[in-house]
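Undergrad: Here's the letter readout for the chains.
Protein chains: 2
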Amino acid sequence: IEAGNGEDIDMLMEPLHAADIADFLEQIEPHERRDLLEIWKGGLDGEILSEIEDNVREEILGYLTPQELTEAVRELESDDVVDLVEYLDEDQQEAVLELLGPMDRVAVEKALAYPEESAGRLMQVETVRAPQHWTVGEMIDFLRAHPDELPDQFYHVILVDPRMKPVGNVTLGRLMSSRRDVKLFDIKEEMFTTIPAEQDEGEVAYAFNQYHLISAPVVDEDGRLVGVITIDDAMIVLAEENAEDLLRLAGVGENTVNDRVVTTTRQRFPWLAVNLVTAILASLVISLFEDVIAGLVALAVLMPIVASMGGNAGTQSLTVAVRAIATKDLTGSNVLRVIRREVLVGLINGLIFAVVMGIIGILWFGEPLLGVVIAAAMVINLVIAGLAGTVIPVVLEKLGIDPALASGAFVTTVTDVVGFFAFLGLAAVVLL
Amino acid sequence: IEAGNGEDIDMLMEPLHAADIADFLEQIEPHERRDLLEIWKGGLDGEILSEIEDNVREEILGYLTPQELTEAVRELESDDVVDLVEYLDEDQQEAVLELLGPMDRVAVEKALAYPEESAGRLMQVETVRAPQHWTVGEMIDFLRAHPDELPDQFYHVILVDPRMKPVGNVTLGRLMSSRRDVKLFDIKEEMFTTIPAEQDEGEVAYAFNQYHLISAPVVDEDGRLVGVITIDDAMIVLAEENAEDLLRLAGVGENTVNDRVVTTTRQRFPWLAVNLVTAILASLVISLFEDVIAGLVALAVLMPIVASMGGNAGTQSLTVAVRAIATKDLTGSNVLRVIRREVLVGLINGLIFAVVMGIIGILWFGEPLLGVVIAAAMVINLVIAGLAGTVIPVVLEKLGIDPALASGAFVTTVTDVVGFFAFLGLAAVVLL
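First to last, the protein sequences are chains B and U. To convert a position in the first sequence, counted from 1, into my numbering, add 234. To convert a position in the second sequence, counted from 1, into my numbering, add 234.
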């Protein structure tokens with residue numbers, strides 16, 4: 235295929251959806267990508283570029299001249315253009331903006347003035363709006379008169395007052411099924427929410443999901459209409475935010491399988507470094523008890539079990555807590571109840587595993603007291619795991635630190651330290 | 235508030251969105267919930283019930299008679315009714331179905347005939363469709379003549395052939411901005427996807443997200459139109475699937491902060507039990523080297539560091555791999571490249587931390603060879619972590635086992651066993 239010519243590739247790509255072409259471009263080797271684009275640059279359109287993930291897109295944009303890029307983005311709506319140019323360096327950005335038509339340029343520049351990851355960057359400036367006193371007939375005539383200025387997809391007509399403040403949404407379904415003389419104001423939807431342009435895109439996605447919005451007008455600080463966000467954009471943000479939480483919990487920033495070795499190594503390093511520090515802390519606890527271990531090596535054999543069970547129970551609690559914080563299900567009103575529940579769950583599971591592990595300890599090493607020690611340490615550590623797994627994310631959130639990112643290190647430090655200390659400390663008291 | 239009467243509560247609840255009332259009901263204590271509903275049962279409507287999470291909803295449904303429930307669901311569309319009744323026990327389900335109108339009953343029964351978590355359960359049977367030969371004018375007249383039969387929200391008119399097979403979608407925007415004499419067939423969308431009713435809802439959500447669908451017709455095995463799925467339903471499924479992956483990776487089934495202690499304990503238990511087995515496996519490896527540890531207790535102090543670093547690196551790799559499998563970014567075509575990358579990343583980070591840890595080992599214990607041993611073990615374990623963290627989820631997926639659920643246990647077993655074995659084994663050879 236690589237040896238073939240542009241037309242062959244065109245034929246292969248033609249039946250594919252832009253999103254699938256993007257996936258294909260992501261999954262081939264970088265040098266294959268370069269060779270392919272060498273002969274097939276013209277086939278790239280804005281839609282494909284929009285679908286490609288950031289790091290690969292950056293690489294591809296490097297192969298394109300500003301003219302080629304402008305050609306590709308001309309058909310896109312303003313939010314997609316913003317999405318493409320926001321990560322270009324300033325020179326490239328300027329070059330592309332100059333080549334856009336003046337209308338588009340103003341729209342894109344306006345959006346770029348809003349902070350990154352805000353509603354202003356997410357919205358499209360193309361809106362379908364009407365004065366609130368219009369009738370169904372006037373609206374339909376207006377739409378028929380301006381078919382070329384309408385966005386590809388729109389779901390509501392936004393009613394605005396004379397100062398351009400949105401006052402309501404009319405769904406296209408209601409509009410179409412109403413008689414021409416009905417006033418738009420009389421068929422507007424009951425629920426109506428506007429989104430401030432400065433709002434964080436995560437909050438926007440939450441609102442769409444919580445209130446089942448389809449599209450919502452975006453307003454500036456004076457409450458005037460500046461754009462509209464639609465559910466498909468919110469869905470993408472929601473999926474991204476969920477992925478971020480997942481990856482952050484595992485200590486891998488925004489890593490994808492298509493990142494390069496250097497990038498990946500650098501992204502994984504900080505979390506491993508944090509883990510090294512916490513592991514050394516745990517080792518320091520162990521070193522307090524070197525004499526005890528020297529006296530009974532079985533302790534060294536069994537101690538990782540207590541720490542590992544605590545670490546797992548802590549991760550369970552913290553994952554549920556981080557998730558609940560993200561979905562606003564863990565709030566001031568139920569935090570005490572959740573903590574109480576986690577501690578109780580830790581206690582019950584701790585007791586069960588204490589019995590199991592106590593028996594194993596006795597059978598394995600023939601030392602009843604060793605069984606008692608490991609059982610007691612297990613209960614202590616699972617209770618602490620439930621407590622730390624909930625309290626730590628809640629406190630981090632209160633301090634303005636992302637709980638998904640930082641909770642893991644703290645919680646496992648606590649369960650390692652407590653696990654080793656409880657087990658070896660009890661052993662020192664009881665066995666020696 | 236609890237002491238107050240129904241009207242006071244009505245006043246407090248009135249300005250709230252159904253989703254927020256649902257959140258409120260989830261977050262109060264069970265006995266508060268019972269007392270509140272005692273006096274405010276009439277205020278519950280189907281929309282609120284739809285928003286409440288499963289376990290709390292089950293509790294609330296227990297307080298309602300079939301009549302009250304039927305009253306509440308009457309206003310809902312078929313997909314939401316299905317969502318409410320599908321988890322009732324058979325007697326209750328039958329009682330509610332009998333009280334529904336015959337049209338609604340047939341629709342709900344049809345949907346219930348599809349497997350759980352399939353497109354058939356997710357879809358609403360209320361569709362807006364038109365014969366493919368209709369014009370814009372005919373369509374608008376039809377919609378105006380039947381305003382009461384239209385779903386609350388719809389985004390497309392589905393064109394069907396005489397055998398009710400969908401042949402295309404017309405967006406309402408195109409419909410409204412076209413002249414009355416234009417044929418619907420001529421303004422249908424370029425991209426058109428139908429969804430088989432048997433398809434898993436996760437696949438449906440993936441398709442909506444990948445292809446930016448807004449609504450898509452659902453077809454039976456003969457390709458005939460049976461319903462429609464809209465993006466808001468797909469968004470809910472997508473959020474649920476993402477949450478499931480996150481929770482499964484941490485070994486907590488479908489746990490939420492509102493579950494009860496018994497439920498939570500039972501859900502967390504299996505994963506902890508698996509972890510106990512793997513921890514014991516690791517301990518067995520350690521016990522092979524009891525003599526070595528007895529000879530040099532410093533080994534017991536340092537060995538958890540090697541295992542912990544491997545566990546963390548493995549979790550990083552497996553999280554990225556599980557995520558990529560879920561989003562179909564990790565496929566046959568790039569799996570070898572991803573494995574190579576993960577191994578390389580493990581090697582580079584392993585070498586860096588080996589140097590750091592080697593120096594710490596020497597400084598701490600004044601024993602150069604101990605530094606060399608821990609450094610070598612670190613490199614080995616981080617390379618194995620990268621390999622296992624990618625290969626294990628890929629293999630599990632191939633075997634039809636959910637990688638999110640099972641990878642963690644396997645990967646940490648590998649990194650624990652390899653970590654302890656490499657460190658203690660090398661120590662036995664080099665130091666004694």
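Among the hints, erroneous ones may be present.
Covered, in the sense of this in silico footprint (three residues per stretch, anywhere, with C-beta under 8 Å from a C-beta of chain B), are these stretches of chain U [what the hints assert, rightly or not]:
1. 297 to 308
2. 393 to 399
3. 411 to 424
4. 484 to 492
The hints are simulated quantities; they were obtained by calculation from the structure and are not laboratory data. Beta carbons are placed, not taken as given, at the ideal position from N, Cα and C, and that holds for glycine.
Undergrad: Three residues minimum, CB to CB under 8 Å: does the segment 297 to 308 of chain U make the cut for coverage by chain B? Let me know.
TA: violated (count 0)
Undergrad: Taking beta carbons only, do three or more residues of the segment 411 to 424 of chain U come closer than 8 Å to chain B?
TA: Coverage by chain B holds here, the residue count being 3 at a Cβ distance below 8 Å.
Undergrad: At a Cβ distance under 8 Å, does chain B reach at least three residues of the segment 393 to 399 of chain U?
TA: violated (count 0)
Undergrad: Under a C-beta cut-off of less than 8 Å, do 3 or more residues of the segment 484 to 492 of chain U approach chain B closely enough to confirm the stated coverage?
TA: holds (count 7)
In summary, the structure is inconsistent with hints 1, 2 from the numbered list given earlier, while agreeing with the others.
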